[in-house]
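Asks: So the sequences go chain by chain: A and B. Position 109 (the first sequence) corresponds to 109 in the numbering used here; numbering is contiguous. Add 1000 to a position in the second sequence, counting from 1, and you land on the number used in the numbering used here.
Careful, some of the hints might be misleading.
As a list, the in silico DSSO-like pairs of lysine-lysine whose alpha-carbon atoms are at most 27 Å apart [claimed, not checked]:
1) B:1192 with B:1142
2) B:1072 with A:188
3) A:188 with B:1192
4) B:1188 with B:1217
5) B:1072 with B:1142
Stretches of chain B that chain A covers, calculated by requiring three or more beta carbons in the stretch to come under 8 Å of a beta carbon on chain A [claimed, not checked]:
6) 1116-1122
7) 1227-1237
Since the hints were derived computationally from the structure, they do not count as laboratory data. For glycine and all other residues, C-beta sits at the position ideal for the given N, C-alpha and C.
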Amino acid sequence: MEYFVQQLINGLTLGAIYGLIAIGYTMVYGIIGMINFAHGEIYMIGAFIAVISFIVLGAAGITWVPVMLMLVLIISMVFTSIYGWTIERLAYRPLRGSFRLAPLISAIGMSIFLQNYVQLVQGARVKPMPPVIQGGFVIMERADGFVVSLSYLQILIIVLTTVLMVGFTGLITRTELGRAQRACEQDKTMAGLLGVNVDRTISLTFVLGAALAAVAGVMVTMYYGVIDFFIGFLAGVKAFTAAVLGGIGSLPGAMLGGLLIGLIEAFWSAYFSIEYKDVATFAILVLVLIFRPTGLLGKPEIEKV
Amino acid sequence: MTAVKTGTTANTGSTGEPMLRIEGVHTFYGSIEALKGVDMQVQAGEIVTLIGANGAGKSTLLMTICGNPRAKFGRVVFEGEDITQVPTFEIVRRGIAQSPEGRRIFGRMTVLENLQMGSITAQPGSFDRELERVYTLFPRLKERQAQRGGTLSGGEQQMLAIGRALMSQPRLLLLDEPSLGLAPLIVKQIFKVIEDINREQGMTVFLVEQNAFHALKLAHRGYVMVNGNITLQGTGRELLANEEVRTAYLEGGH
């Protein structure tokens, strides 16, 4: 029981992070129908910017954790947003209207480029990050001394993710920008006829996705304490899996998928074998694709014409 | 009906300059020439109709006015300004709204959201007033406002498409086959609304129709399009009486 609770906490934390990244995949897919394979790299860049800004802020004497964290989040989100915007501008927009695979290939190229760029600029060695937030609560203790703990950092990750997802859902469902995004998803020509600047809306989708990935990057940096130029690949593929599991194109689907992938990974590592956790994740993806290709929440709509 | 002032001041009518002037427009889809040098004009305050068979290029002309696709040669002039190269999203801001071919309702958005989409370019603060006006024209939309667009019937979708176009307070309303596939009673209702918004609000309407009889009866003037060319023009009444029009578009139905 205690062991189970601990894994639940770990899984939720991990799932929150995957969910944040998955939103970027699902939104971009929704609006332009392509998988942005460079999205994992955006997250990795977010993590690097986090490490750099922690160091810079520390050197500048800003060490009070709430302020520091807030600033790191903002800096990281701003920079990754610029990356997200630029990638769309350079690698995808010129290919719009060309054959379907072209932007996909371009995305893979972008992903490889960004990995190598960060490796060149930052070096190939892992970057350690001293813990910023330490401590936590002990929830349960078993007779044999096994302790179930919930760290402050885990609380922060889960709370921040929840807040962001609620806010983000509100943005998509209630604001004019969100409506414009959903309109572009369904019919770009009509959206244009109504006065939506379609190109700008697509750019903003990339910017928003990148900003959320940056938050995930900051959290991971603090959670694991080490990052390298390659973390974007696996996290990216898993978040993509989460998006597909939940139903690609669906926002709640991405959140749910992220959570499920996090839980599956945590429980599999705990009860079966940690080496095979990725295999378990992807096996589930395969099963979902076979038996429910639209994902858990992605329902094809019945539309009259 | 609320008698509210709209931006329908016919600021071009007095000088004789038409509200919309299309000059020698050629439009291509790839290498296929869909419009082969179209000339026509719409005066402020008019209802002008364009009739023609399927595939004549009528919808292409409406879309070309909105810059999607763009005219390859020729000019589209709206209220004295050349809008041939103006981006599509900018053209609505200048006062041209379209209810396009196939209605293009956002099926996964509610009726209200569809109408909100229509008001993106409207003056700030005008939303409630315009919504009220659209609901007065189409009470069915009010009943269905929380329902998803995709679940509406064909007639309701057509009402929504027109209502959505009206939400932007256009000076020129482009309607593409509003009667297509609808029951006669609904067609009648929709044509009545078109007549009302023209008469009461002074809105200029450019109506593309296959239902030539209804359209010509309603319109002040009409054009006939064949294979990407305008072949005939005249008042609605003249065209209704025209022998060619009668044999090609009116006989055997409607």
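Asks: State for each hint whether it applies.
Replies: Hints and how they fare:
no.: 1; hint: B:1192 with B:1142; result: 19 Å, holds
no.: 2; hint: B:1072 with A:188; result: 22 Å, holds
no.: 3; hint: A:188 with B:1192; result: 31 Å, violated
no.: 4; hint: B:1188 with B:1217; result: 12 Å, holds
no.: 5; hint: B:1072 with B:1142; result: 42 Å, violated
no.: 6; hint: 1116-1122; result: holds (count 5)
no.: 7; hint: 1227-1237; result: violated (count 0)
Violated hints, listed in ascending order, are 3, 5 and 7; each of the other numbered hints is respected by the structure.
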